[in-house]
Every structure is written in C-alpha cells, then in structure tokens.
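Asks: Here is how the chains run, residue by residue.
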Amino acid sequence: MTVLVENWNYLVVICLMMGGLFIVISQNNLVKKLVGLAIFQTSVFLFYISVGKIAGGTAPILKETGDLLYSNPLPHVLILTAIVVGVATTALGLALVLRINAGFGSIEDDEVLAMKAEDGEVRGRRGDDTGDQA
Amino acid sequence: MTLAQIIANLPALVVAIPLLLAPVAALLPFAGLTWALAVVGTGGALFCAVMLMGATAGGKSFSYALGSWPPPWGIEFVVDPVSAFTVLVMAALAFIATLFARTALLAEIAEADTGKAYSAWLLACGGLSGLVMTGDAFNLFVFLEISALSSVILIALGAGKDRRALIAGYNYLVIGAVGATFYVIGVGFIYAVTGSLNMADLAERIPQVPQTTVVMVGFGFMMAGLLVKAAIFPVHVWLPAAYAFAPSAVSALLAAIATKASLYVIARVMFGMFAGVPDLAGFAAEFILVPLALAGIFLGTILAIYENDIKKLLAFSSVAQIGYIALGFGLASTAGLAAGFIHIGNHALIKGGLFLAVGCYAVALGSRVNLGSMAGLGRRMPITTTAFLVCGLSLIGLPLTAGFISKLYLVRALLEADMIAVLLLVMASSALSVVYLWKIVEVLWQKADGEAAVTEQPALYLPLWIVAIANIWFGIAPAPLVDGAQRAAMYLAGGL
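First to last, the sequence lines map onto chains U and C. Converting from the first sequence to the numbering used here requires adding 57 to each position, the first position being numbered 1. Converting from the second sequence to the numbering used here requires adding 330 to each position, the first position being numbered 1.
Everything labelled a hint here was simulated from the structure, so no lab data went into it. Hints are not guaranteed to be accurate.
[As the list claims (entries may be wrong)] Listed next, the in silico SDA-like pairs over lysine to any residue satisfying Cα-Cα at most 20 Å (straight line):
hint	chain 1	residue 1	chain 2	residue 2
1	C	LYS446	U	ALA145
2	U	LYS110	C	SER759
3	C	LYS642	U	MET172
[Stated by the list, open to error] Here are a few chain U residues that sit away from chain C, every Cβ distance over 10 Å (derived from the structure):
hint	residue
4	VAL69
5	MET75
6	GLN98
7	PRO117
8	LYS120
9	TYR127
10	THR146
[Stated by the list, open to error] Interface residues of chain C toward chain U, partial, derived using beta-carbon atoms under 7 Å:
hint	residue
11	PRO359
12	PHE360
13	GLY362
14	GLU475
15	LEU479
16	ARG493
17	LEU496
18	TYR500
19	LEU503
20	THR511
21	VAL514
22	ILE515
23	ALA522
24	VAL523
25	GLY706
Even glycine gets a Cβ: it sits at the ideal position worked out from N, Cα and C.
Excised from the complex, chain C in its bound form (with noise of 0.2 Å):
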C-alpha cells in the first residue's frame, strides 16, 4: 500500500486499526507484548484523527464509502469538522489512558488476563471511534454495541479487586442494551417511512414525509435510547457504579471518551438527521434536553458533596458535567453547540485527569481510595497531587484552567439565549462543585500522618501530568480547542 492510499483510507484506518489489532492482543502470551500492542492500536488511531482534523481544516468535509459501495446504498464514514474534533479528543485521551494502563491495570487484574482485557480495551476504542465516524443509522447501533459490551468486560474486570464491579457491569449491559434496542426501534420507524439509513439522505427525507406522527415516534425512541448510552439525567444510573468500581484505568478511559460519543451522537441526530424538522429538534431541545440537563447538574453536584468514596464522588461529578454538555446542546444555537463541543474536549482533559490521579492513589494504597484512606496523601504523594489539585481546580473553572474556558463559553450562549435564570443555576452548580472538591483537597492537605512516603512511579504519574499540563494548556491558550468546536458547531448549525 502507498503513502497516498493510506492517506486515501484513514476514515476507515482510525477505526479499523483498533479493531483488527485487538482480536491478536487476545493471543499474545506477555502482559507487556499486549500493551504494547494497544499503544500501537490507540496511537495508529491518534495519527489518524490528526491527519483527519488536518484534512478538514478551513470546514472541508468528505465522506469515505466503504467497500467502495456509494452512499447512499453502502455504508459511508463522514469527516467533516465536527467527527474529526470529536474523534481527535477521544483519541488523546485513550491513547494517554492507554499509556498509563500499562503499570495500572497489572496491579488490579490478573497478569493471565491482561490480553484480554487490553482486546476489550481496543474493541472500546475502536468502536467509540466508529460511532463518532459513521454516517449510517443502523451501522450506529452496531458501534454502539461494539463499544458497550467491550465497557462491560472492562468494568466486570474490576472484580478481581472488589465483587461489586460484576453488579456494575451487569447493570450496565441490561440498561445499556435496552437503550440501544430502543435506538433501533426509532431508527425502524425512520426506515418504515423513509426506505434509508444514510444520516445525510435522511436529513433531505425526513421533511418530505406525509406521516409527521411517524417521524416523531422514531425521533423519541431513538433520542430516548441515546440520552441513556449518552448517562443524562434521569437514565444515568449505571454510570456512577461502572466508573467507580471498573479498574482505574478502565475509569480514566470511560469517563474521558465514553460519553463523550454518545453526546456527540445526539447532536448529530437532533441537529444533522433531523434538521429538516427544526420544530421537532428544537422541541426536545428546549422542553427535554435543557430541564433534564439542569435537573443531571444539580443532582450530580449534591450526590457528589454527600459521597465518601472517590471514584464514586467523580462520577456523580460526571452527571452533572455531562449536564453542561447537554444544556450547551439544549440551547440548539451555534455558540450552545459550540459551548458544548469546547466541554466535550475540557470535560474529557479535567475528568480524564482527575480518574488518572485517583488510580495512582490506588496503586499506591492497594486498596479503594475514600476519603479516610486519602488522609495526609497530599504530603506523601506530592507530585500526584499537586496535579490532581490542577485538573481539580479546572473542574471548578478557575481562571487559567481549561474548565473556565467551557464555563466562559456556556455563560456566553445562555446570555446569548437570554437565559438569566438558566445562567444563575449554572453559576450556582459552579460553586457547589467547590464544595466537593474542597472536601477532598481539606483530607489531602489538612491533615497530619504519620506514614512514610510513597514511592510514585514515573510510569504513572507522567501521562497524568500531559494532562495536566494540557488543562493548564488550553486555559491558557484555548485557540486550538476552541476554533475546533466553534468549527464544528458552525457546521452543523448549518441546517439551523
């Protein structure tokens, strides 16, 4: 194969080297042969979505047909500035997850299994990505289910340390799976009276439908199945005890890149699929998505301030960040996509981080970290901490952090939307979220110990300080980040 032809294939490549490497991660015998291996899946995949985002720079956008059959009979892989955004974060991060995996995952899972486990782990990635690529509605469902059934594996693999992880992961495969049935539901009444599953031929179909009743039916099922794969309020209750008893970096990974595709799924549905329907998109906008996010903010922010155990404690925290991405959604402008699109990148570096930090305090203790195990770790473990206390910062938004870019941005299209009263919630979820964060930083720092020092491993600490330093990074210089979302949100308001 040619330079150009690889070039020519790379919609296909960022998919498919994750997918096809991780069934021979499945057979190597050495824990570090298959790690290896996933560095290479996850990395191949991070060059891809580089050269992808360079492609479609200046908002060019092209479609890859797949087995060379045309859209809209085959089924075709979409870049344009808004997949190839999405999937150059996702991307990052899993390739840092990946990166940090190597040390994480063998002191939580049996060395035997560490092939398998890195086979579900490239199977989560490949498949998120496939999901962000698509451009067919039923090939969806099926990167949908790809990606899920790999998180329940990598989640049940928690068992080892704690039996609740199995619980965890069963939760997840029945609610996960019951959501995506209903996504497929919704895409057979599109296709009953449309006769296509093509995302972009759908978009010109779905207004010139007689049976309006219909159209809205299939709207509801499959908005219904992806608000639950996506973990909005009020079907996000798999999602607290998934991250918090799956391996740390199985938490890293999901809570960075996890959510994220499926949020970008539904701006591609509401705002690309149904953009010829503006009244219907623009219904659930207002009236679903914006109560359900601000109801998911505040209820993740109070669960998180009354929460002991940490890993738990991010997820709740989770709930309600995936709110800001979804209220940025609900705003159905240009400045709300791009508010939440700029919160899927910040939300992936300030989360991503912060499940990083909290698996090297797990490594180090050997054991669940609460807040009673966390007691003097900020002394002993200073370098892990002090970018823990970073990232944690960003989450609350501090000037100079990633985060207060996100929130700069969402404060700027509710004004926009003239949405005072939305804009007062917002800003006093922020400060609740001090309340959370302050807990856990009063434990690190306050008090005293009388244990020596822990060893930090190199290993562990540096991926989790590239993200770090990108959080400090994009507060600093948010340029890049932002004119991506911005980008991609004009492109897909497009239709607005």
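So here's chain U without its partners, still in its complex pose (with noise of 0.2 Å):
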C-alpha cells in the first residue's frame, strides 16, 4: 500500500492511460475518440516526466556552490518533441472529422460506417464513382 501511495503519479499515469485507450476503443463518436487519444498521449507525457525526477531536484544549471541535485532535463526534452507530435495528430485528426462532417454529414462512427457500407453497395452495383465530391 505504502508503495502505490509513494508511486501515486504512476497510479495516476496508468488511470489516464487506461481511461485514454478505453474511450478510443468504445466511443462512438470521431471527436470524443480523438480526445481520448489526447488523454492517452498525455498520460505518456506524465510517465516520461516522472521518471525523470528526483525528489529536491532542481533545473540542471551549474552553480559555483558545491554539488547540484538536479533532475534529468533529456525526458523533458523528448517530451517537448512528443507534445509537438501530439498536437499535429490531434490538429490532423480534427482536419479529417471536419472532412468527414462535410462529406457524410455526421460524425458518429456507426452512422458513418452505415453509409459507406451503402456506398460500396451502391458503387459496386454500378462499378462508377457519379457519388458526391466530398
């Protein structure tokens, strides 16, 4: 108990990770999984950071008093590169769902997938693509 009680950041890591994958596979709807890809790239972001710190640790800057307890800069770094990435998935998959609003007029994944199932029924019958230009 004492160990999940000092690890509590990890603990915290894992619920936004599980919560994060869990709302990417069960939600229905194209927007809500993409902020659960959001929660569970951020849990990520957290684990990297933990790892990296030490307790009364402070930034990596050299000093002329004596030995320096600092925490581990290079997490942070990749993780400044992780958040970057994470933002143009995010802006990228927010793009298509605009795209996918426009073209099928909803963003519900059943709805969706109703359609285009419809649509390969319709264009295979009649093997042309006369369809709309989304």
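With the hints in hand, could you dock these two chains into one complex?
Replies: See the structure below:
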C-alpha cells in the first residue's frame, strides 16, 4: 500500500492511460475518440516526466557552490517533441473529422459506417463514381 | 560544399533531401513543377542510397553523428548492410512510384492540391528512410510519426474520388497513433532502467539490467506498437481500407515501402537492440511472430479470395505477404532473416507493380476498379495487362520470377529449422493465392466485350514495366538482391 501511495504519480499515469485507451476503443463519436487519444498520449508525457524527476532536484544549471541535485532534463526534452507530435496528430485528426462531417453529414462512427457500407453496395453494382465529391 | 563533404554526409542526405524539399513543393505554383521537385527529391535519395549500398560492400558499417554530437549522447544514423539494403529497396520503389504519379495523381486529385500532395509524398519518403537510418530509439518514434501523418494526408486525398478515403485516413491516424504511443511507452521503460536511447548502447546495457521484468514490459510495449505499424495480423485492420481508398499512385507508394520500414524496425529491435537478451527475443519470435504470421497469411489470402474490389483484394494479399516476411524473421535464424529481407525486396517489387497496374486501369476507366469493371481489359489494355500478369505470377511464386526466389529461400529456412508443419502451411497458402489471382485473370482475358480499345499512356505503363522487368530480372539473376539480403541477415544475426 505504501508503495502505491509513494508512487501515486504512476497510479495517475495508469488511470489516464487506461481511461484514454478505453475512450478510443469504446466511443462512437469521432471527436471523442480523438479526445481519448490525447488523454492516452498525455499519460505517456506524465510517465516520462515522472521517470526523470528526483525528489528535491532542481533545474540542471551549473552553479559556483558545491554539488547540485538536479532532475534529468532529457525526458523533458523528449516530451517536448512528443507534445508537438501529439498536437500535430490531434490537429490532423480534427481536420479529417471536419471533412468527414462535410462528406457524410455525421461524425457518429456507426452512422458513417452505415453510409459507407451503402456506398460500397451502390458503387459496386454500378461500377462508377458519380457520387458526391466530398 | 565539396564532393568529399557530400559523400561524408550521405547518411543524413538520404533523409534530408526529401524532407527539405517537402515544404518547397507545397509553395510551388504548378503541378508539373512540384512533380519535378518530387522526382529530384526521391531521385536524390535513390542516388544516396546507391552510394551507401556501395559503401557497405563487404559487410562494412559506419555511424553518422547528426550535428557532430557523438553517440551515445547525440542522435546517430547507422549505415550497415541491413539499413543500406532496406533504404535502397525503398528509395528505388519510391522513385518509380514518383515517376508514375505525374499522370496518375493528376487524374485523381484536384490540380490545386498537387503541391500539397507532393509535399506529403516527400515527407512520407523522408520519414520512412529516417525510420530505417536512425540508430536512436526515440528519434525512431519521431520518424514513425512523420511518415504516419504524411501517409494519412496522402490516403485522405483519395476523398476526391471516394469519400470513404476520409474514414480510412482517420482510422489509420487513430490506430497508428495508438501504435506509436505504445512504442514510446516501451522506450520509456527501457530508458528508465538503462538511461540510454542509443540502440547500439542499449544493446550493451540491456543484458546488464537487473530489473528483467521492466525490460520485458518495455520490449512488449515496443513490439506491440511496431506490430501495428507493420500491419501484422491481428492489428492489420487499418491497412486494407487505407490502400483501397488512397489515390492509385499513393497505394503503389505505400504498398511498396510503408510496411517494409516497420518490418525492418521489428528485426532491428528484436535482433539488434535486444540481442543481449536472446531468451526474450527468441520467445517473441517463436510464440508471437510465427503464429501471428501464419494466421495473417491464411486470413489475408482467404479474404482476398472473397474480395471484389481489386485494390482491397491486393491489400488483403499484402497482409498475407507481410506474414511471409514476419515468418522469416520469426525463425530467428540467419537463413530466416535472409528470407525475410529477400521478401522485403521482392514484395516491394511485386506489390508495387500490381498497384501500379491497377493505377493504370483506374486512370483509363476513370472509376474504381472491381471485378465487374475489369471485364475484357486484357484485350483493351494489353501492355498494362501483360505487366500485371508478370507481377501476378511473381506473387504466386512461379519459377523465373522474383516471387519464386522469395519462396525458395523461405522454404530452405523452414527446412533448416525443421518446421515441416509450417512449411506445408506455407505451401498450402501459396496454392490458395493462385485462386484469387486466377479470379482476376479470368475476368481480364476470358470475358468477351464490345467496347473500343483504351489508349494506354506511356507515362503510366513505362514505370510499371520497369517494375515488371525487375520482377523477371531478379527471378533469373537474383544474385544482387539475395547477396544484399544475406549480408544484412548475417550482420544482424551476429548477435544471435
């Protein structure tokens, strides 16, 4: 139990990670899926930063006086990169959702899928592409 | 910059040329101009790849420190027989797909979008080469995402023809991002116990780590993420729709090179990074990679038999073919790795060629290509169809084609590993692949039709024929490809 209390930050990571992944899998709404994805990725940021943190450690800046207890800066740098990647992913995902909404008139996965199946049947029979230009 | 400096910087240039030209392509005004830039970008990368292959002759390897920060602190690009072979295969096919794209892409997307399309195209090529060249575990994640995001854009561009491309792109984005994040979680665990991100450094440090559970968990997360990216069964679900609804030229590019880079990374992680813990890598190879590969081979082949849409059919077939590569790697022997790398090269030629041919059909018909609309095309488009047939026979593995060489080396590796049951299953699946190919050939040649001949454009069928001839060339004289793959396998298996 004390292990869990002392490592509460990792507990938060696990909860966010599982919650985020669950939302990605279970949600029907395409925007909510992206929100889940963002939560999932954020949990990883927290994980990296927790790994690099030393209790009582400061920023790694050299000072004249004595030894310095500092936290590892590398995970922070890595996570800066990962945040940029996460922003790009979310932005591209939302842009796609906009286009999907314009093309299908819905962002509910099951409704879109139903229309998609309809598309397949109709186009398969006619063998042409005279449908909408989404 | 002098010539000597250029040669010294080749490992960086193979990635940097396409990446740097990508934003320029987005700004240029004319479709022809952006295409020329894409040709320069992929052609430059191909030139670098050829030079790198020459530099690694005789099993030599060297490292390139980006920004002159020495490894293990800085990011390192690794040039060895494994990465040089893979990057050469990918650069060659990317160049041919770019030649094809000029006419094919314009036929399927709006002219105003071509600049942005070639920008994403170059980013995808650069990102995938980076994936192969990098020797840094976290840098690999960045290239993974560069290639994934640009691929999503390219796939979604198919929406001009068929709105389902948007869904395919969205699904690939979400599934791909989850996969890449799994990989990063794994890297985090490994970093926590080793304090290093450099792959060569990690290979030395991992066996010394006392917390073997953490290493195991990290390895598991990394592999799970990479399996998604390589589209190995059962996490292949994004692939069929992505290849089916993307513009034809994009399907050809992605089918030829995209999953190959991830398969290379799987081999690199299992037999390079985790070479020091052979029990772990061996377990993953024997009890995860081999069964999943076999399941993928059968599921992909059977789904292809029942599929009507040609691009989707070929995509299902890709799932099966990726299975053959994974099966080779799963044997965890030098012969198995060699078989895997040979099929990386040959499958890029086979599936690249088939998707190029389907692209020719799609442009000529102006619509999706399915078994119905293909009727009688053999007579109306003989040049394209002959090339399609050559690549198709290579897919089955007929002697004198590249596909036969792949099967031959895979069978040899299986015999060496004494896996007769698996060997019989591979034979059976090969026989099944005849079924779906025959289904297409039947429609192409046997049904009579009253329609006029279609004009075949040299700009479309010449790149296709380059690939088709390569399929025969590497079937008759396989030495260059087989030697390269075997050198790669021996280099990688040094740690086995």
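Asks: With 10 Å as the threshold, tell me whether U/LYS120 passes as away from chain C on beta-carbon distances.
Replies: 22 Å, holds
Asks: Checking the smallest CB distance to chain C, is U/VAL69 really beyond 10 Å?
Replies: Answer for U/VAL69: holds, closest chain C Cβ roughly 15 Å.
Asks: Under the criterion of a CB-CB separation shorter than 7 Å, is C/GLU475 in contact with chain U as hinted?
Replies: 5 Å, holds
Asks: Taking the least C-beta to C-beta distance, is C/GLY362 closer than 7 Å to chain U?
Replies: 24 Å, violated
Asks: Against chain U, with CB atoms and a cut of 7 Å, does the hint on C/TYR500 hold up?
Replies: 5 Å, holds
Asks: Should the hint that C/VAL523 touches chain U count as held when the rule is a Cβ pair under 7 Å?
Replies: Violated. Min distance 10 Å.
Asks: Confirm or reject: U/MET75 is not an interface residue toward chain C, with every Cβ-Cβ distance exceeding 10 Å.
Replies: 12 Å, holds
Asks: Given a cut of 7 Å on the nearest C-beta pair, is the interface hint for C/GLY706 held or broken against chain U?
Replies: 13 Å, violated
Asks: Given C/ARG493 as an interface hint, is its Cβ closer than 7 Å to any Cβ of chain U?
Replies: Holds, about 4 Å.
Asks: For the pair we were handed, C/LYS446 and U/ALA145, check the Cα-Cα distance against 20 Å.
Replies: 16 Å, holds
Asks: Evaluate the condition: distance from the CB of U/GLN98 to the nearest CB of chain C exceeds 10 Å.
Replies: 6 Å, violated
Asks: Would the least Cβ to Cβ distance between U/PRO117 and chain C come out above 10 Å?
Replies: Consistent with the label, U/PRO117 stays out of reach of chain C, its closest Cβ about 14 Å off (over 10 Å).
In summary, the structure is inconsistent with hints 2, 6, 10, 11, 12, 13, 24 and 25 from the numbered list given earlier, while agreeing with the others.
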